[in-house]
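Going line by line, the protein sequences match chains A, B and C.
With the first letter of the first sequence counted as 1, position 183 gets the number 183 in this note's numbering; the numbers rise by one all the way through.
With the first letter of the second sequence counted as 1, position 227 gets the number 227 in this note's numbering; the numbers rise by one all the way through.
With the first letter of the third sequence counted as 1, position 31 gets the number 31 in this note's numbering; the numbers rise by one all the way through.
There could be a bad hint or two in this list.
What the hints assert, rightly or not - Straight-line Cα separation of at most 25 Å, SDA-like style, residue types lysine to any residue; simulated pairs:
1) B/Lys305 to B/Glu237
2) A/Lys38 to C/Arg206
3) B/Lys192 to A/Phe190
4) A/Lys38 to A/Ile60
5) A/Lys152 to C/Arg286
6) B/Lys407 to B/Asn229
7) B/Lys368 to B/Glu288
8) B/Lys56 to C/Thr159
9) C/Lys287 to C/Ile96
10) B/Lys149 to A/Gln302
11) B/Lys271 to C/Phe60
Said to hold, decoys possible - Label-pair ranges, simulated between beta-carbon atoms:
12) A/Val107 to C/Ile41: 48 to 58 Å
13) B/Asp45 to A/Gln102: 36 to 46 Å
14) B/Lys363 to C/Ile96: 49 to 59 Å
15) B/Asn283 to C/Ile275: 26 to 36 Å
Just so you know, these hints were derived from the structure itself, not from any lab.
Model, not experiment: these values are computed from the prediction.
All C-beta atoms in this analysis are idealised placements derived from N, C-alpha and C, irrespective of residue type, glycine included.
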Amino acid sequence: MATELGPTPVKGPASGTTPVHHGPKGVGEDNKILSQGKWASWLLAPTIIALGIVIVYPIISAMIMSFQKDAGLDPVTGLFTEGGPAGIQNYVNWLGQQCAAQGGGTVACPPGTLGGQFWTATGTTFLFTVITVAFETVLGFWMAMIMARTFKGRGLVRAAVLVPWAIPTAVTAQLWLFMFDFNGIINKLFNVSILWTGSEWPAKWAVIIADTWKTTPFMALLILAGLQMIPAEVYEAAKVDGATAWQRFRMITLPLVKPALMVAILFRTLDALRMFDLPYILTGGANNTTTLSILVINQIRQGFNSAAALSTITFIIIFLVAFIFVRFLGANVVEQSGATGKGKK
Amino acid sequence: MKTPRFLLPVATAGVLALTLTACGGGGGGTTGGGGGGGDAEANIDSRGPITYVQGKDNSNVVRPLIEKWNAAHPDEKVTFKEQTDQADQQHDDLVQNFQAKNADYDVASVDVVWTAEFAAKGWLQPLKDKMAVDTAGMLEPTVEAGSYKGTLYAAPVSSDGGILYYRKDLVPEAPKTWDEMMEMCSIAKANKIGCYAGQFKQYEGLTVNASEAINSAGGSVLNDEGKPNLNTAEAEEGLNNLVEAFKNGNIPAEAITYQEEESRRAFQDGKLLFLRNWPYVYNLATTEGSSKVKDVLGMAALPGKAGPGASSLGGHSAAISVYSDHKATALDFVKFLVEEEQQKFFATQGSLAPVFGALYDDKELVAKLPYLPVLKTSIENAVPRPVTPFYPAVTQAIQENAYAALKGEKPAKDALSDMQKSIETAGAGS
Amino acid sequence: MTTTTASTALRAQQDKGRKAAQNREKWASVRTYVSAAVILIWCLAPAYWMVVTAFREVGFTYDTTPWPTHVTMDNFITAFDTSFGNRFGQALLNSIFIGVTVTVISLVIGVFAAYALARLNFRFKYLVLGFILGASMFPGVALITPLFQLFTNIGWMGTYQALIIPNISFVLPLTVYTLTSFFREMPWELEESARVDGCTQGQAFRKVIMPLAAPAIFTTAILAFISSWNEFLIASQLSNEATKPVTVAIASFAGAQPNQIPYTAIMAAGTIVTIPLVILVLVFQRKIVAGLTAGAVK
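All chains, please: the whole structure from these sequences, using the hints.
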């Protein structure tokens with residue numbers, strides 16, 4: 001699927017640390033690779049087959065469904081009848097926000113239909129993604145820099161950071177729903193009376209705050225791992241050269257952490273684009289907090305085939321974002337996991 | 001040569017996936033879940049063990065009844081299949097099993113709002129001719145809610161309606177009409193509490209409240225043909241009543257986040273003069289330690305335009321699957337469930353409102369459930385929520401637009417015309 | 001002479017510098033502690049509130065006293081009480097069963113793939129790696145519709161296998177990915193020497209590498225288990241009353257009365273669900289951090 005992930009230099013794995021080709025001299029490299037290839041193919045087969053069944057099958061099946069019409073009502077008998085082939089109509093309807101019109105054809109979806117929510121939901125999904133990932137990156141960076149210092153109780157902080165990550169999202173959502181209640185602790189604590197789930201922006205902020213709380217630790221830990229691979233001598237040298245703290249951050253920390261950071265951001269972005277549990281439980285999707293995932297789930301009850309088209313669109317959107325990240329922003333996931341001990345020695 | 005050998009297992013995987021897909025192609029075909037349903041004539045006289053499917057039996061009423069039935073019918077035993085507590089999941093579970101033509105789902109308890117959808121899919125046995133269930137003595141709206149296109153598909157088992165709770169200490173006599181109630185809001189103001197609240201968060205409860213407002217003002221969401229009928233002066237007046245009340249503060253602003261529980265709590269804490277809610281509030285408001293309205297709880301029918309308002313109808317009905325192998329037994333069991341004796345048990349044991357009008361005047365029952373007389377008025381005047389096979393789309397249309405109107409984002413008139421258009425597109429789906 | 005004076009002056013200057021540095025360090029460490037405290041509060045306060053609420057009497061659900069008041073154990077009893085039909089105990093068992101099964105299957109399958117990816121040199125390696133990574137980014141909603149349809153048709157709806165199989169779709173890539181990173185770090189020379197001693201590659205793997213890999217596999221197992229334990233979307237659509245996991249059970253907790261949302265009991269259930277994870281996380285903190293970061297950084 002993500003085969004185009006970045007410019008992937010074909011180089012031997014782990015070639016830096018453990019030379020693989022210790023085969024007896026005289027045996028052709030080709031043969032060696034072949035035998036390893038055979039070995040590898042059998043070792044990989046179970047994984048490929050399993051993923052084929054649980055992922056490739058549903059994708060293809062969803063695509064087939066998405067080209068079918070949903071069942072319609074026979075006006076005479078009042079019974080549902082099979083929809084038949086739809087061509088690309090389901091896709092056209094979603095993208096153009098078109099709904100079926102009385103007497104055939106389509107009209108622009110009026111407010112109050114799921115079809116009319118496609119672009120708002122897309123916008124909301126991207127808004128959540130951009131804001132939460134930005135917050136998580138900045139906050140996560142800050143947390144990581146603190147945790148990278150040596151101080152008493154550092155272990156405690158590192159453990160505490162894992163707590164939000166360990167609480168299941170479904171529980172997190174209930175917890176924040178309870179805290180964001182009109183009579184809840186948040187309004188009380190900050191002495192405000194905001195109807196958090198009662199209008200658009202408070203509801204959006206509620207989702208953003210809860211999501212940031214939940215996922216910043218993940219980001220912080222990934223960045224921390226990146227930070228710890230920067231040798232202390234580099235900083236010492238910079239200090240001697242009279243670099244200010246900001247300069248050190250900008251010239252050393254940032255560039256050296258960047259590869260790890262980009263991958264962390266990519267993972268979080270793709271995760272955020274799929275956001276479901278949190279807004280689903282926290283706001284029920286009201287007040288323009290419906291994400292694409294929620295829209296798909298709502299649509300399933302109103303028509304499978306149309307829902308299949310929407311889930312395919314969602315998949316394509318996420319795939320495109322991943323592609324752009326890897327291609328243009330240099331988040332080289334494959335390379336990152338492929339190159340061993342980079343910058344370590 | 002090399003490449004194919006390496007690829008062999010991978011290719012196997014690919015072929016496997018494709019094979020599966022081919023099988024799934026068949027699945028795609030049945031996707032619509034439409035087409036005719038089962039044969040309504042089959043197995044009508046057949047008897048044998050059956051299964052009864054219902055949501056969570058919270059107050060343990062179904063099990064004793066089934067035991068009672070099984071003792072009397074050792075050859076036609078009923079097995080109880082309990083679903084979750086969540087209405088959505090119950091709905092999906094039924095859809096899946098009907099779609100799979102599962103013969104094990106003989107009798108199912110269906111929410112009043114699903115009847116039309118299931119009937120239109122051809123999954124429910126029409127309860128007519130040989131399969132008829134006697135509905136004499138049942139409250140009319142409950143029968144209406146179990147019918148689709150003039151045929152009864154589900155026999156009413158329990159009912160539910162909205163009640164207006166009020167503060168007896170502050171309001172000498174309950175308001176009969178909406179306007180009367182709004183006038184009494186000055187009392188609330190004098191006492192520095194909110195006046196009225198229902199459930200106005202964007203969810204199913206808002207459909208209930210908005211429909212009640214529209215129906216109480218003489219409008220209706222759908223006309224008799226099942227077509228939307230919202231561009232009317234009555235509908236506008238109804239929705240406007242709520243919009244105005246929000247605007248002038250008679251409905252407190254925080255009510256836009258209320259579901260049943262939030263509104264109950266506000267009322268119990270003494271922060272509201274009037275509350276629209278279901279009968280369950282009675283028990284909690286009179287017994288919970290923190291309740292401030294224990295001794296001053298008044299109950300009345302919902303206020304309407306000139307008299308009692310039109311409550312939305314809740315409750316469940318029992319339907320027989322067309323795929324059942326033992327329909328004669330299934331029919332007997334359904335008849336058993338709606339018998340007066342069982343209805344009484346539902347009421348006393350599970351606080352479920354009966355469907356027979358006479359039971360609401362039963363002294364013994366009223367002593368236990370003092371809200372019954374009020375509830376009777378409420379249910380007698382109730383209007384079923386829109387009876388339509390496209391209920392999920394219709395409720396979405398009502399919720400989203402009513403919510404926008406209540407928040408003042410668009411005038412009631414525009415909201416209603418958008419509702420109208422949305423419902424039209426739902427029905428037009430080919 | 002001159003040298004001495006110069007050196008004294010230098011020393012004095014150094015002293016001064018050291019003092020300033022010490023001062024700076026002192027301030028820096030104060031700042032560090034303050035920041036650390038902020039992090040602690042931000043991360044723990046909501047969890048703290050969950051626990052406080054879990055121990056509060058239901059009648060005082062919305063009490064906002066910041067410390068425990070009206071303390072009771074009732075909510076924990078309510079959470080496990082089946083009389084409202086909240087089969088929380090059953091849901092816990094379901095979650096454990098599903099989590100363990102998914103973890104075991106993913107590990108058994110994934111360990112081979114990870115070994116191949118970390119150790120062997122073959123064509124299309126990056127293609128395979130890309131495929132597996134792509135799989136881990138796959139949106140759950142895209143799986144739901146077809147699986148819903150498929151499981152309905154074959155009568156699997158609400159069964160354990162219907163919950164386990166989709167979980168594998170995101171746990172397996174995670175497993176392969178994490179294990180691959182761990183495996184790259186292992187001292188494979190030992191395998192080479194074992195082979196020199198006459199072991200086959202398979203034997204070498206079993207006898208030498210597996211024991212060495214055990215900690216990595218264990219850490220991966222924890223990560224896999226947690227991600228399966230936390231899954232909600234798929235379970236919320238494909239499970240039923242008997243098979244639903246805790247996340248779904250908590251989201252649909254019912255009170256004594258219809259419509260009642262028993263927050264105190266929900267928080268109690270949330271606490272129960274979270275505590276084992278937090279303990280697991282605290283005990284294996286270092287390992288988990290290593291596992292989480294393995295793929296992304298190394």
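These are the hints, each one checked on the structure:
Between B/Lys305 and B/Glu237, the direct Cα distance comes to roughly 10 Å. Compliance with the 25 Å bound is thereby established for this hinted pair. For the suggested pair A/Lys38 and C/Arg206, the alpha carbons sit about 19 Å apart, so the restraint of at most 25 Å is met. Note on B/Lys192 and A/Phe190: the hinted pairing holds, with a Cα-Cα distance of about 24 Å set against a maximum of 25 Å. At roughly 28 Å between alpha-carbon atoms, A/Lys38 and A/Ile60 are farther apart than 25 Å, so this suggested pair is violated.
Taking the CA atoms of A/Lys152 and C/Arg286, the gap is near 17 Å; set against the 25 Å cutoff, the hint holds. The straight-line distance between the Cα atoms of B/Lys407 and B/Asn229 is roughly 23 Å, inside the 25 Å bound, and the hint therefore holds. With a CA separation close to 17 Å, the supplied pair B/Lys368 and B/Glu288 stays within the 25 Å bound. A distance of roughly 18 Å separates the Cα atoms of B/Lys56 and C/Thr159; the hinted pair therefore holds under the 25 Å criterion.
A threshold of 25 Å between alpha carbons decides the hint, and for C/Lys287 with C/Ile96 the separation of about 21 Å falls inside it, so the pair holds. With a CA separation close to 21 Å, the supplied pair B/Lys149 and A/Gln302 stays within the 25 Å bound. A C-alpha spacing of about 16 Å is found between B/Lys271 and C/Phe60, which places the hinted pair at or below 25 Å, so the restraint holds. Between A/Val107 and C/Ile41 the beta carbon distance is about 53 Å. The supplied range of 48 to 58 Å therefore holds.
At about 43 Å, the CB distance of B/Asp45 to A/Gln102 agrees with the hint of 36 to 46 Å. A hinted range of 49 to 59 Å for the beta carbons of B/Lys363 and C/Ile96 is consistent with their spacing of about 52 Å. Checked against the hint of 26 to 36 Å, the pair B/Asn283 and C/Ile275 passes, with Cβ atoms roughly 34 Å apart.
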